[in-house]
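Dock chain one against chain two, each of which comes alone in its own frame, and use the hints as you go.
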Amino acid sequence: GAVVSQHPSRVICKSGTSVKIECRSLDFQATTMFWYRQFPKQSLMLMATSNEGSKATYEQGVEKDKFLINHASLTLSTLTVTSAHPEDSSFYICSAPSGQGINQPQHFGDGTRLSIL
Amino acid sequence: QKEVEQDPGPLSVPEGAIVSLNCTYSNSAFQYFMWYRQYSRKGPELLMYTYSSGNKEDGRFTAQVDKSSKYISLFIRDSQPSDSATYLCAMGGGSEKLVFGKGTKLTVNP
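These protein sequences, in sequence, are chains C and H. As numbered in our numbering, residues 1 to 117 make up the first sequence, in order. As numbered in our numbering, residues 1 to 110 make up the second sequence, in order.
None of these hints come from the bench; they were simulated from the model. Glycine residues also receive a C-beta, built at the ideal position from the N, C-alpha and C atoms. Misleading hints may appear alongside valid ones.
[Unchecked claim] Computed list of chain H residues with no C-beta within reach of chain C, every gap over 12 Å:
id	residue
1	V19
2	S20
3	K70
4	T86
5	P110
[What the hints assert, rightly or not] Partial pick of chain C residues on the chain H-facing surface, computed with a CB cut under 10 Å:
id	residue
6	S15
7	Q29
8	T32
9	K41
10	M45
11	P105
12	F108
13	G109
14	R113
Chain H on its own, in the form it takes in the complex (with noise of 0.2 Å):
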């Protein structure tokens, strides 16, 4: 079993539309979670930082981390046309180190 599981998709949805992104994880020392935003050939962007579980929310965006289900998701509210890129769930905990998911490709079309 690999450390973090995410969905590559891709995942389709019209503009406007709520969309749920999720990654699993089976190590218990992972105490802090993010998400980043990677558009095509550029580095992630950093969207979402968490380290409780819980819901964060910041704008359109919301993060939500059930440690006891070692289970995040990030939620995208009215998605929009430029919210479409890759979404990489990564967490760490114990070292500087980050493990990452491999990305759900997600395209909103207008």
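Chain C extracted, bound-state conformation (with noise of 0.2 Å):
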């Protein structure tokens, strides 16, 4: 099946640190992805449509400058949230469509905890 890697697992600094999470999807091509992010008990949220070879697509209420993008290939897209803040901590999951075109089902990572302390 669809395999989609997510690097790193954990991650934890200080405040004022940018951190960058990979996203690659091992045996297929996405030329599109998609960055979540779940706080504990909640649904996912999603944040951003990574597009591959042209600029990423934020949902409303997204800082895009504060949550970079770059889809620099058809397996790997980048999350990089820059100068993280406390309120930054949360779990990012990122996830790719194994087909083309609409209707097609979601494969996700599992996940990165960012803490900043």
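Shown next as structure tokens:
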């Protein structure tokens, strides 16, 4: 089945640090990937859609200068949380559809737990 | 009214029980429906995917979709302690984005 790998799984760092999270599709190509944020006991909140070769599309209320997204190849998208602060602490998860077009199921990475001290 | 409503539970059942998980939705544009299982501190894992009304079975899992009532269900037969997780419904239509329910936390007791 389609496998999405996310790295790192856990980050603990000081306030003001920038943190980079990688999302890779291991056995398929993904022109689109999605970045979500999940708070404890809450559902997934879509932050942005990462598009290979073009700018990411951000959801309303998500700061694009705070959460930088780069989709440099058909198998890799990165999310950089710039100058992270304690309120950015959360569980960040990426996903990618395994097929082209709409109506495709998404496959998720195992998430990155970010803790800002 | 939220686009997708899912009872958060928690739901606790004995091993071997039949579990019924449900979601309702309001957007008629939704065409395809998924159920994900999420273990603690892990990403969601795709369990079932369907795009038509009716039932779809995969082992102990059955997904049911009733588009006329805007209601979907996931049934788990012969539930096992390893089924203990949070179950998320998700749906989409007309775009690549998915809308998720809040998730139902299930505990299967040995």
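Results for each hint:
{"no.": "1", "hint": "V19", "in the structure": "19 Å, holds"}
{"no.": "2", "hint": "S20", "in the structure": "20 Å, holds"}
{"no.": "3", "hint": "K70", "in the structure": "18 Å, holds"}
{"no.": "4", "hint": "T86", "in the structure": "9 Å, violated"}
{"no.": "5", "hint": "P110", "in the structure": "24 Å, holds"}
{"no.": "6", "hint": "S15", "in the structure": "23 Å, violated"}
{"no.": "7", "hint": "Q29", "in the structure": "15 Å, violated"}
{"no.": "8", "hint": "T32", "in the structure": "6 Å, holds"}
{"no.": "9", "hint": "K41", "in the structure": "8 Å, holds"}
{"no.": "10", "hint": "M45", "in the structure": "9 Å, holds"}
{"no.": "11", "hint": "P105", "in the structure": "5 Å, holds"}
{"no.": "12", "hint": "F108", "in the structure": "4 Å, holds"}
{"no.": "13", "hint": "G109", "in the structure": "5 Å, holds"}
{"no.": "14", "hint": "R113", "in the structure": "7 Å, holds"}
Consistency with the previously given hints fails for numbers 4, 6, 7, ordered from lowest to highest.
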